[in-house]
Structure formats: structure tokens, C-alpha cells
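Sequence order for the protein chains is A and B. Quick note, the first sequence lines up with residues -6 to 109 if you use our numbering. Quick note, the second sequence lines up with residues 103 to 599 if you use our numbering.
Just so you know, these hints were derived from the structure itself, not from any lab. Quick caveat, the model's predicted, so the values are computed rather than measured. Check each hint, because a few of them may be wrong.
In silico DSS-like links for lysine-lysine, alpha-carbon gap of 25 Å or less [to be verified]:
(1) B:Lys269 <-> A:Lys92
(2) A:Lys45 <-> A:Lys92
(3) B:Lys269 <-> A:Lys19
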Amino acid sequence: MELLGLVYYWAFAILLMIGFYAVIAKSNLIKKLIGLSIFQAAVFLLYITMGKVDGGTAPILQDGVSLYSTPLPQVLILTAIVVGISTTALGLGIVVRIKEEYGSIEEDEIQERDRQ
Amino acid sequence: MTSLAHHLPALQVIVPMLSAPLVMLLKPRGLARAAATATSLFAFAIAIAMTTGVLDGNTYTYRMGSWPAPYGIELGVDRFSALLLLIVTGASSFALLAGRRSVDADIDESRQPLFYAAWLLALAGLSGIPVAADAFNIFVFMEISSLASYVIIAGGSDRRALPAVFKYLIMGTIGATFYLIGIGLIYLMTGTLNLADMELRIHEVADQAPILVAAGFITVGLALKAALFPLHVWLPNSYTYAPNTVTVFLAACSTKVSLYLLLRFDFFVFQGNLAGHDIQFAYFLMPLAVLAILVASGVALFEQNVKRLLAYSSIAQVGYILLGASFVTVAGLTASTVHLFNHALAKGALFLAVSCLATQCVGLRLAGLGGLARQMPWTSAALVVAGFSLIGIPGTAGFISKWYLITAALEQGSLGIALVVVLVISSLMAVAYIWRIVESLYFGEPGGDISAVREAPMTMLIVTWVAVLANLYFGLAPELPVTLASSAAETLLEHLP
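Same shape as in the complex, but just chain A (with noise of 0.2 Å):
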């Protein structure tokens, strides 16, 4: 049980770092967006499990229930996921104009084309 439950844990954070590792090791712009989406969604993959408690039901009052997981972390998320959202949609859109600008969305064929 100890095992499983931490499972997730380790999913985000290899999650974490192949996100990391993709926004920091790619040239190309929107490589370095996909990774910075996966380096996001590690977060909510934390979020979403520590909103579960061991044998919790959906927090929906009944009879007969007492113990609930917390529906907070969730909420959060969504949030979080919404922020998200903006930011991919806004960084694809830099990405666009910087197509246009500049003709290439390679990091170091953009810094070359910024010198000359």
C-alpha cells in the first residue's frame, strides 16, 4: 500500500524532470513549450493526488459516509490548469510572431539571424 501510494509521487516527479530536461536541453521553440506543458501537468498530477484520502468517497454528503477525500487540491487545479492553458497559448503565439520576424524557430538560428 506504502508502494503504491507513492507511486504517484514518483510519477511527478519523472514527470517533472523530463519537462525540465525538455525546456532546458531543446533548441527548437516549441519542444521547449511541449516540455514546459509536461513540466505543468507534473504539478497537477501533485496536486490531484494529495487530494485523496485512503478509503475517502467523493465529497458528496450521504448517510453512513463519514470519511471524504478533500475536493480543495482539485479546485486548485483547475485553476492551475487554466493558467496553464494561458501560458501554452500565449507562448505558441510568441512562437508564431516569431516565425514571421524572423523565419525559423530555432533558438540558435535565431540568435544568428539577431547579430547579423
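Start from chain A and add chain B according to the hints.
Below, chain B alone, put in the same frame as chain A:
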């Protein structure tokens, strides 16, 4: 009247936030700007009203929808947040009042309503962070302000702003997500998001390891947002290639708000509850602060672009602010909080003067400024006086914060003397890089025919000079920032055992 005063913390955020969509609809020429300026001035008035309130000894607490804390969402304004609100709303108002020419030059008229709407959202987000008393609300306000700032930075005509803002978006989001992980871990251990409640409940947590990890994530995340060396790489290009008006606004307040949050969170929640955290805090921040001061000032010495030069100087100033905080004493925190205010004044005035210069000098390279002082005497004089304030010449606001910082450093014994040496060296470097601007303005050879260069428009000059005179005023009569800062420092340290 009392009932209205009660609602001020909520109005501080709601007024700019609700005006934003309205401003977006104002298509006729100049209306959007007028409405945005009026909103910003109104927000400034609210901040002033609350500052007078907190100076009279009130603290504002506001329960959203009358739900009691910690279940409901709470807003609160004390002396520390009032100081920040003054900086944020003041910077926005000054920038908008002076910004007409710069915005017209950089942004298509058809897009201006959208630009001003994004500006107001940035204002709402930045003033939401000091007002909010709930960790998750702070995250949401942080993201509102960041997303809106990316838009206004990239809104100009310079294409180099786009890669700069992309870098800012990536790093800013990583910083904000780190903060989110941190408050998630605290929520996991304590089950609360209200800062005051959190402080009480962390005390009861048996296993402190997750809290320590949370402290790490939050400190690093906010240091990224605050452009602490070596996490500053997003800042120079964003400030340089943003429209000049946007630089005035963001340079004066955006990193300050993150620094405020870093101090408030750390001292409010962690310092009193984690064993030995004051030492960790000092050992982590002090070396980075010293490096920030020396390295960024050093880079500024060799910069060729005026805005980039001042941007690097901003990174050095973040170092000063965190150096004071890393002493974990009343004197140190007072110094860093006073410097929050004074640096906003000095850098705001400098960038206002630079935006006056930019009306006549495209590109703002030092070599292109040659001899402009003859044609633009008022702008050049404003740059010189604001530069004095940045250096810390006696009689200007900058001197007050340097004085407090050195006094605080001397309390630290022999280490303090070494730090004073660092402060003196960096002040000399500031003299040198400000001198480079002054030298090209007054003694440089004109690069071409400059007889067509005219003084900047009157409104810009007036606003710039009001900001410059504020530097002198708060240098001679520093009671307001010092009172607010010293009681902010005392509130922060109250939580230490």
C-alpha cells in the same frame, strides 16, 4: 465613508481588473489611453488612501464574500504591502502619464486599446500580490501579472523583443510553477493556504522535511521571478527591447513585487518554524547577492546600450535588496525595504528620462548620444540627477538606502566590514557607468547633424521631473518610506522565535 474604506483592499485589484475589458472596447483615438491613465491614477489614489490608513495604525483585512478565514479568501494590507502598492500604482501612473509619445511610436493605433487592457491586467496582478493573504491567490495574481507583462513587452515594434519575451515566459513559468510546487507541499502537510493559518499549523507538523523542500522550491521560484543572479538572464533583453513606457513600469515594480513576496513568505511562514532556517537563508542569499552586485555592475560598465546598461544595474540593485534581507536583522530588513522603494524611484526616473531621450535618439546606443545635452538640456539634467540617486549621492533617495544598508552591514562584525567594502566598490562602479552616459551626453562628439534634435514633449518632461524631484524629496525627508519599512521589518521579524 468608513464602509468604503473597508472595501479598499478589494477595490485596489478589482478596479484595474474590471476596467481592462472596458478599455479594450474604446476604439476612438486616445480614449483607451485616457481611460487607462484615469484607472491607474484611481488605483494610485486608493494606495495613497490605504497608506495614510496604515500610517494611522489601521490594518486592513477584507473577507471575500464575508466568509471567515481560513475557509474564505482573505485580503490584507499592512505597512509592508502598502509600500509595495504605492510603488506599483505610482510606477504605472507615471509611466502612463508620460507614455503617449512612446506608445504612439511603438504600437499601431488600432492595437492600442488591447495594449492598454493588457497593461491594466498587469497592474491588477501586480497590486494583487501585496494585497492577497492567501498563497494560492498570490500564485494566480502572479500569473495574471506575468502573462499581461509578456504581452506588453512583446507589444512593441522591435522584433528582438519576441525571443526575449519567449525566454521570459519560459523562465517566469518555471519560477511560478516552482512556487506552486512549494505551496502544494505545504498544503499537503498543513491543509491550509491562508498565510496566517499556515504559519500556525506548520508549527504542529512533526516531519519537517517536506516543509524544507517547499521552502527551497518557493525561494528558488521567487528568486527566478525577482531576477536574482544567476537566475537573471531573462531580464536584460526584456527590459531593453520592450517599449520604453513598459520598461518604466516594469523596471520600477515587477521584480520588487517578487522580492516582497520572497521576504514575506520566508519570514512569515518559514523563519519561525524551521530550525536553523535563518542561517540557511543567509548562507544561500548572501553570496548570490554579493555576486549579483559585483558581476552585474561589472557588466553594466561595458554595455553599449543605455537601456541594457540600466537593466544590468537593476540586477545589481536586486542584490542590494537581498543582501540587506540576508542579515535577518531589523536594520537589514529596514534597509532592504527602504531600498525597494528608493530603487523604484531612481530607476523609474532614469527610465523616464531615457524614454524622453528615445523620442530623439533611435537605438539608444551610448555612441549615438554624443552632444545631445546641448539640444536636450532638461532631459540630460534629469538623467544626471536620477543617476545621482542610483549611485547614492547624499541628498538623494539612493543615499538613504545605502546609508541604512551600510549601518546594517556594520552590525555584522568583521564580515560586515568586508560587505561594506563590496558596497563601496559597487557604488564606485555605479559612478563609472552613470558617468559613461553623462560623458557621451555632455562631452561626446555628435555622430551626425544634431541640429534637428528637439527637447522631448512638455508632458514627458514634467512627469520625468516630478519623478526626479521625488528622488530629492525622499532624500531630504525620508520619513514615509523609512517609517513604513521599519515597521515592515518589525512585522517580518515578529515571527522569529
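Hint by hint, here is what the structure shows:
no. : hint                 : in the structure
1   : B:Lys269 <-> A:Lys92 : holds (15 Å)
2   : A:Lys45 <-> A:Lys92  : violated (44 Å)
3   : B:Lys269 <-> A:Lys19 : holds (13 Å)
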